[in-house]
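Participant: Listed below, chain by chain, are the residues.
There are 2 protein chains.
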Amino acid sequence: MPANSLPSKIGVIIFPGFHLLDYAGPLDALNILSADHPLTLCTIAATLDPVPTQNSLQDKQGSQFSQSIVPTHTFDNAPDDLEVLLLPGGIGSRGPESDKWMKPQVEYLKRLDLSGKGSIKWVLTVCTGSEILARTGLLDGRRATTNKRAFGDVKAKHPNVEWVAKARWVVDGNIWTSSGISAGIDVTFAWIAEVFGEETAQYVADRSEYERNVDAGNDRYAERWGTV
Amino acid sequence: MPANSLPSKIGVIIFPGFHLLDYAGPLDALNILSADHPLTLCTIAATLDPVPTQNSLQDKQGSQFSQSIVPTHTFDNAPDDLEVLLLPGGIGSRGPESDKWMKPQVEYLKRLDLSGKGSIKWVLTVCTGSEILARTGLLDGRRATTNKRAFGDVKAKHPNVEWVAKARWVVDGNIWTSSGISAGIDVTFAWIAEVFGEETAQYVADRSEYERNVDAGNDRYAERWGTV
Numbered sequence: 011m012p013a014n015s016l017p018s019k020i021g022v023i024i025f026p027g028f029h030l031l032d033y034a035g036p037l038d039a040l041n042i043l044s045a046d047h048p049l050t051l052c053t054i055a056a057t058l059d060p061v062p063t064q065n066s067l068q069d070k071q072g073s074q075f076s077q078s079i080v081p082t083h084t085f086d087n088a089p090d091d092l093e094v095l096l097l098p099g100g101i102g103s104r105g106p107e108s109d110k111w112m113k114p115q116v117e118y119l120k121r122l123d124l125s126g127k128g129s130i131k132w133v134l135t136v137c138t139g140s141e142i143l144a145r146t147g148l149l150d151g152r153r154a155t156t157n158k159r160a161f162g163d164v165k166a167k168h169p170n171v172e173w174v175a176k177a178r179w180v181v182d183g184n185i186w187t188s189s190g191i192s193a194g195i196d197v198t199f200a201w202i203a204e205v206f207g208e209e210t211a212q213y214v215a216d217r218s219e220y221e222r223n224v225d226a227g228n229d230r231y232a233e234r235w236g237t238v
Numbered sequence: 011m012p013a014n015s016l017p018s019k020i021g022v023i024i025f026p027g028f029h030l031l032d033y034a035g036p037l038d039a040l041n042i043l044s045a046d047h048p049l050t051l052c053t054i055a056a057t058l059d060p061v062p063t064q065n066s067l068q069d070k071q072g073s074q075f076s077q078s079i080v081p082t083h084t085f086d087n088a089p090d091d092l093e094v095l096l097l098p099g100g101i102g103s104r105g106p107e108s109d110k111w112m113k114p115q116v117e118y119l120k121r122l123d124l125s126g127k128g129s130i131k132w133v134l135t136v137c138t139g140s141e142i143l144a145r146t147g148l149l150d151g152r153r154a155t156t157n158k159r160a161f162g163d164v165k166a167k168h169p170n171v172e173w174v175a176k177a178r179w180v181v182d183g184n185i186w187t188s189s190g191i192s193a194g195i196d197v198t199f200a201w202i203a204e205v206f207g208e209e210t211a212q213y214v215a216d217r218s219e220y221e222r223n224v225d226a227g228n229d230r231y232a233e234r235w236g237t238v
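These protein sequences, in sequence, are chains G and U. Its first residue numbered 11, the first sequence is counted upward by one per residue in our numbering. Its first residue numbered 11, the second sequence is counted upward by one per residue in our numbering.
Rather than coming from a laboratory, the hints here were simulated on the basis of the structure. Ideal placement from N, C-alpha and C gives every residue a C-beta, glycine not left out. Wrong hints could be hidden among the right ones.
Distance windows between CB atoms, simulated [unchecked claim]:
{"id": "1", "chain 1": "G", "residue 1": "175", "chain 2": "U", "residue 2": "204", "range": "33 to 41 Å"}
{"id": "2", "chain 1": "U", "residue 1": "15", "chain 2": "G", "residue 2": "123", "range": "52 to 60 Å"}
{"id": "3", "chain 1": "G", "residue 1": "167", "chain 2": "U", "residue 2": "121", "range": "49 to 57 Å"}
{"id": "4", "chain 1": "G", "residue 1": "121", "chain 2": "U", "residue 2": "213", "range": "35 to 43 Å"}
{"id": "5", "chain 1": "G", "residue 1": "48", "chain 2": "U", "residue 2": "86", "range": "33 to 41 Å"}
{"id": "6", "chain 1": "G", "residue 1": "117", "chain 2": "U", "residue 2": "153", "range": "51 to 59 Å"}
{"id": "7", "chain 1": "G", "residue 1": "58", "chain 2": "U", "residue 2": "227", "range": "44 to 52 Å"}
{"id": "8", "chain 1": "G", "residue 1": "18", "chain 2": "U", "residue 2": "107", "range": "26 to 34 Å"}
{"id": "9", "chain 1": "G", "residue 1": "18", "chain 2": "U", "residue 2": "90", "range": "41 to 49 Å"}
{"id": "10", "chain 1": "U", "residue 1": "66", "chain 2": "G", "residue 2": "58", "range": "23 to 31 Å"}
{"id": "11", "chain 1": "U", "residue 1": "170", "chain 2": "G", "residue 2": "109", "range": "53 to 61 Å"}
{"id": "12", "chain 1": "U", "residue 1": "224", "chain 2": "G", "residue 2": "172", "range": "34 to 42 Å"}
Start from the sequences, fold in the hints, and give me the full structure.
Facilitator: Shown next as structure tokens:
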């Protein structure tokens, strides 16, 4: 891809109870990349209030162990020229009440053109971020993966998606979905390799001192969590 | 270690230009752990203003690619009963002007009892977080490691520290220092294994779908960045 057509405007959507590493793993690879390529990040949420990672499992345990991220945009004023959209998952998007909590995000996603033919050329999901995306119907009939511990629940909720039980990540057209939490780092490096080139991807990984999993089918956690 | 003496109060120090994954890698392992063990996190900075990751390399490239974290405490009101202290590094702590910028953090660190005999039983550093710690003199005569790309600079600045050129992480008494960025995840799992037990550490890693490097001496990046 010629340098002048490389993507530069990246959006990430966060919500209360998002999973920190789903967000930070991909963004940190892009942080390092942004020292060599001009990139802009929009952090999008329902309001501009800081968004906490604290979740119901921590509440139940008596843990007060939260990280709060400040959004730069809301669903109402996010720029319409984003080129890449990143969707982390997390406990906050799960459970019986989550349809209500996640409604603003799902409505925002439905308003966007995620076909790959509009401004947004790529969508990357991490962990149960693919479950959020599936609520829009966009994944129906398409191949995707998700967190392996949550796999059964996600599959039952969205039976029209071709969920891949054993995959570190899955590419279906312009939609890149990855497995649980840390898999978001690998899918991001795979995406950087595809778009910015393998040499750039490996350079960024070496800067991060990160040992990539470069094989989308290499997924030990499918067995570990009983999805296969 | 009996359950009732397991540590629960964890502090992390952030500063403008801290490196996101240095912070998020360790904290995310602890996020997952905090669903099964009661943990409390204090995020400490010079003021309560959100702390951005944006750094000078991104500025130079024209990238606006920042994540902002909201602190919970300042150096003046941080609790005095922390048991674990986590120190991320990052570009913001480097360069000729950094002695001025980092002064509040270094003065705070100097006020603390980091000997392991006070409330704080463990200090974990990631990447150039060890360089910040070295400014207090605490690492003089002790073994430590740091980011491998920055190794030469860090060693030249703090010649009295026994810097280990090839190590994913180094344990010297109560001080656990790790190599660049992603190495912070491995040192955190090693620390969880030591304190909470190997079974717990592996369970958390499996939840995170993270492939641990469990060998502190396994460090490909020493060769990659020419420290050996």
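Participant: Decide, hint by hint, whether the structure agrees.
Facilitator: Hint check results:
no.: 1; hint: G:175 <-> U:204: 33 to 41 Å; result: holds (34 Å)
no.: 2; hint: U:15 <-> G:123: 52 to 60 Å; result: holds (56 Å)
no.: 3; hint: G:167 <-> U:121: 49 to 57 Å; result: holds (51 Å)
no.: 4; hint: G:121 <-> U:213: 35 to 43 Å; result: holds (40 Å)
no.: 5; hint: G:48 <-> U:86: 33 to 41 Å; result: holds (38 Å)
no.: 6; hint: G:117 <-> U:153: 51 to 59 Å; result: holds (55 Å)
no.: 7; hint: G:58 <-> U:227: 44 to 52 Å; result: holds (46 Å)
no.: 8; hint: G:18 <-> U:107: 26 to 34 Å; result: holds (29 Å)
no.: 9; hint: G:18 <-> U:90: 41 to 49 Å; result: holds (46 Å)
no.: 10; hint: U:66 <-> G:58: 23 to 31 Å; result: holds (26 Å)
no.: 11; hint: U:170 <-> G:109: 53 to 61 Å; result: holds (59 Å)
no.: 12; hint: U:224 <-> G:172: 34 to 42 Å; result: holds (35 Å)
When the structure is compared with the earlier hints, no violation turns up for any of them.
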